[in-house]
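Take the sequences, apply the hints, and build the full model.
Protein chains: 2
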Amino acid sequence: MSSSVSPLAPKKTPKMPAIGGVRIATAEAGIKYKGRTDLLVMAFDPGTTAAGVFTCSKCPSAAVDFCRDNIGGGSARILVVNSGNANAFTGKRGREATKMTAEAAAKAVGGSERDVFLASTGVIGEPLDAARFTHLLGSLAENATPDGWLGAGKAIMTTDTFPKYASAVVKLGDVDVTINGIAKGAGMIAPDMATMLAFVATDAPIAAPVLQALLSKGVGKSFNSVTVDGDTSTSDTLMMFATGAAAKRGAPTIEDIGDARLSGFKRALNRLLKSLAVQIARDGEGARKLIEINVTGAKSSRSAKRIAMAIANSPLVKTAVAGEDANWGRVVMAVGKAGEPADRDLLAISFGDLRVAHRGERDPDYSEAAASDYMRGDEISIGVDIGLGRGKATVWTCDLTKEYVAINGDYRS
Amino acid sequence: MSSSVSPLAPKKTPKMPAIGGVRIATAEAGIKYKGRTDLLVMAFDPGTTAAGVFTCSKCPSAAVDFCRDNIGGGSARILVVNSGNANAFTGKRGREATKMTAEAAAKAVGGSERDVFLASTGVIGEPLDAARFTHLLGSLAENATPDGWLGAGKAIMTTDTFPKYASAVVKLGDVDVTINGIAKGAGMIAPDMATMLAFVATDAPIAAPVLQALLSKGVGKSFNSVTVDGDTSTSDTLMMFATGAAAKRGAPTIEDIGDARLSGFKRALNRLLKSLAVQIARDGEGARKLIEINVTGAKSSRSAKRIAMAIANSPLVKTAVAGEDANWGRVVMAVGKAGEPADRDLLAISFGDLRVAHRGERDPDYSEAAASDYMRGDEISIGVDIGLGRGKATVWTCDLTKEYVAINGDYRS
Numbered sequence: 046m047s048s049s050v051s052p053l054a055p056k057k058t059p060k061m062p063a064i065g066g067v068r069i070a071t072a073e074a075g076i077k078y079k080g081r082t083d084l085l086v087m088a089f090d091p092g093t094t095a096a097g098v099f100t101c102s103k104c105p106s107a108a109v110d111f112c113r114d115n116i117g118g119g120s121a122r123i124l125v126v127n128s129g130n131a132n133a134f135t136g137k138r139g140r141e142a143t144k145m146t147a148e149a150a151a152k153a154v155g156g157s158e159r160d161v162f163l164a165s166t167g168v169i170g171e172p173l174d175a176a177r178f179t180h181l182l183g184s185l186a187e188n189a190t191p192d193g194w195l196g197a198g199k200a201i202m203t204t205d206t207f208p209k210y211a212s213a214v215v216k217l218g219d220v221d222v223t224i225n226g227i228a229k230g231a232g233m234i235a236p237d238m239a240t241m242l243a244f245v246a247t248d249a250p251i252a253a254p255v256l257q258a259l260l261s262k263g264v265g266k267s268f269n270s271v272t273v274d275g276d277t278s279t280s281d282t283l284m285m286f287a288t289g290a291a292a293k294r295g296a297p298t299i300e301d302i303g304d305a306r307l308s309g310f311k312r313a314l315n316r317l318l319k320s321l322a323v324q325i326a327r328d329g330e331g332a333r334k335l336i337e338i339n340v341t342g343a344k345s346s347r348s349a350k351r352i353a354m355a356i357a358n359s360p361l362v363k364t365a366v367a368g369e370d371a372n373w374g375r376v377v378m379a380v381g382k383a384g385e386p387a388d389r390d391l392l393a394i395s396f397g398d399l400r401v402a403h404r405g406e407r408d409p410d411y412s413e414a415a416a417s418d419y420m421r422g423d424e425i426s427i428g429v430d431i432g433l434g435r436g437k438a439t440v441w442t443c444d445l446t447k448e449y450v451a452i453n454g455d456y457r458s
Numbered sequence: 046m047s048s049s050v051s052p053l054a055p056k057k058t059p060k061m062p063a064i065g066g067v068r069i070a071t072a073e074a075g076i077k078y079k080g081r082t083d084l085l086v087m088a089f090d091p092g093t094t095a096a097g098v099f100t101c102s103k104c105p106s107a108a109v110d111f112c113r114d115n116i117g118g119g120s121a122r123i124l125v126v127n128s129g130n131a132n133a134f135t136g137k138r139g140r141e142a143t144k145m146t147a148e149a150a151a152k153a154v155g156g157s158e159r160d161v162f163l164a165s166t167g168v169i170g171e172p173l174d175a176a177r178f179t180h181l182l183g184s185l186a187e188n189a190t191p192d193g194w195l196g197a198g199k200a201i202m203t204t205d206t207f208p209k210y211a212s213a214v215v216k217l218g219d220v221d222v223t224i225n226g227i228a229k230g231a232g233m234i235a236p237d238m239a240t241m242l243a244f245v246a247t248d249a250p251i252a253a254p255v256l257q258a259l260l261s262k263g264v265g266k267s268f269n270s271v272t273v274d275g276d277t278s279t280s281d282t283l284m285m286f287a288t289g290a291a292a293k294r295g296a297p298t299i300e301d302i303g304d305a306r307l308s309g310f311k312r313a314l315n316r317l318l319k320s321l322a323v324q325i326a327r328d329g330e331g332a333r334k335l336i337e338i339n340v341t342g343a344k345s346s347r348s349a350k351r352i353a354m355a356i357a358n359s360p361l362v363k364t365a366v367a368g369e370d371a372n373w374g375r376v377v378m379a380v381g382k383a384g385e386p387a388d389r390d391l392l393a394i395s396f397g398d399l400r401v402a403h404r405g406e407r408d409p410d411y412s413e414a415a416a417s418d419y420m421r422g423d424e425i426s427i428g429v430d431i432g433l434g435r436g437k438a439t440v441w442t443c444d445l446t447k448e449y450v451a452i453n454g455d456y457r458s
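Protein chains in written order, with the numbering used here: chain G, 46 to 458; chain R, 46 to 458.
Because the hints were derived from the structure by calculation, they are not lab data. Just to be clear, a hint being listed does not mean it is correct.
One copy or any two copies: either way a pair holds, since identical chains are not told apart in the list.
Claimed, not checked - Pairs of lysine to any residue residues, derived as SDA-like cross-links and limited to a Cα-Cα distance of at most 25 Å, are as follows:
no., residue 1, residue 2
1, K103, R138
2, K152, G295
3, K77, A416
4, K103, T82
5, K103, G342
Okay, here's the thing in structure tokens:
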């Protein structure tokens, strides 16, 4: 793990207010790490709805398999997250570990195993010894408090150099409701020691199908628009819980995704998801620069997103940014390899406000000095206009530095 | 450019015999480099057939566009290759440069512009000043000699640390025919200064459609099975020329891809293409280890290839190999992200002869010491058995080192 905090870390930690119906506890279970928390319990009041989006990996972790089985029920009483071991590629023993954890967790809150959700992050392929922490779940659930959000963000870290938080207060009907989120991740995956996990909770009363629709839609322009190294974790998990506690204060219960009263909430949620997702790019392993890629003028939004991801995942683009080189030739290469409709002679490319290429050639006004100056900043925006249509997309990534190679190449040696 | 030769370079340079009907000349045109050759002319006797496979990039170079227009004709009199400038993303001026070069080249051999082929490799986006070398083509074609193959391999280098050669003698009918090949490339692309180019010539009399069929098939298990960084050049070009000179010595003229007399030639050609392709992986930017990935047991060969490429392009697998870490968890991750049919509980993974994982779990006989010892070698073989079918594929790549980042991040700065 890196000892120094990413230079791209947010300057301020947001206040993380209590969410009615959510209580939190953390512990040092010693699963792998020493001298730090590695176990998070989030207990929910009865009636809490749940939604989740999970990894596309064909080899998902045991915890992901477990959550997928339960998410259809749409209700949650407890979330248990451990760091230090991913419980992935652990076969039968992996399923035994999730079963043992689920039994203890259900008992801890006096609920059903159907209302338990689990996430594990850390080393792949090592059996997870659930007995290290199952005996702790009862007292953790009992002693959990509403103000534990900052500790929750820390307990789920692996190679992260800073905990990731976001919070928002927004009107639902005439009532203020709160949304809190935490996330971890420093590569989209570094399966030894990283995975993207994010957990969001709100006191808004929102039915599970609506919550799922919000989350499934919201993930597209947030977590699914971030890449560090193009590698997909076996364990990526984004979950959201709605306790409904705000109903007591008069917040309307939302049963329909088309409910007009949801629009402000939806915008706030999407901003919060984006904030957490961009924080993951800011904490990309070895990152020294945050890169935002805006593709416009593609044939469709889907096409724009593919082009943007091809640029964001190009090692050559990412090393060029690390080298503070306004190397738009590599951007052209990445557009070309995306396999989407593009015409070299219509392409325009800009770095920040500086247009470097236009209609298939270097911009006549291009200034190497101005471009070099821009590239010295720590937030780099790359704009690509395809010139064919109205499709657009924005994705975020970070530069590829020698530290990335050191973190991932020197880890076990 | 790197000054030291890759430790993975072949220990011996093969003899590159003359090919009847092919004459070669090189020159120092000063296109970008000083004190080295950067211009190659290969002149072919009348009657030479041609075939080519070009980049899939949607933003190909002007030279690729030019070759695509001519390749349908199936005949060649002259190939002109320059290094130092890719003539890519150069718009109208790019097309003017190819036209000017083609006119001069056609005149140099007294042939048609339809029988000219061009390739350019180097910086993207800078206009190519063809006037720097068009005046040289006449005397180069006139003074070209059959024994210039070693010089040809050197003239087309960019970030390559060694020139790449392969040669074979094989029977066609009862007659020995010769195949020579040269290649360059150190990333699949580093558009500043690298692109994959390969040129193969033979004295065998082979009709153009047969030559094209051989090449289109042969590229799949050679150049299309190699990746350095997953980035696709705007200029990738593989061409093959058959002069037919061996017909005078009694070699049969091959007009049909199904001709049984072609089988030995086909095998020799495929071996030669593979040798050149693997040399490109051996010269991958910053490479310290050659990685061969063998996927077996996939649903289909196509599926196996996709899985193998997902592993080969994973920065996390490549950095693990650089760190001499038998990190099979990252291999699982890469299998999972490939999106192809796979069942965690059927997977088996080996490094060299050491099986590290079996049926979804760490192999009970796994020895960290033996695995670490194996990883210290400079040629690493990763085997993945999917356990679902009979599809298999082999691809080659290299490790991802800090030197890759240095070469690509520090280049222009």
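Here is how each hint holds up against the structure:
Proximity of K103 and R138 under a CA criterion of 25 Å is satisfied intra-copy only: 19 Å inside one chain copy versus 48 Å between copies. When the C-alpha separation of K152 and G295 is checked against a cutoff of 25 Å, the pair qualifies neither within a copy, at 32 Å, nor between copies, at 87 Å. Taking the closest pair of Cα atoms, K77 and A416 come within 25 Å of each other only across two copies (22 Å); inside a single copy the shortest separation is 46 Å, beyond that limit. Taking CA atoms no more than 25 Å apart as the test, K103 paired with T82 passes in neither setting, with 30 Å inside one copy and 50 Å between copies.
When the C-alpha separation of K103 and G342 is checked against a cutoff of 25 Å, the pair qualifies only between copies, where the shortest distance is 16 Å, while the shortest distance within a copy is 33 Å.
Checked against the numbered hints listed earlier, the structure breaks hints 2, 4; every other hint is satisfied.
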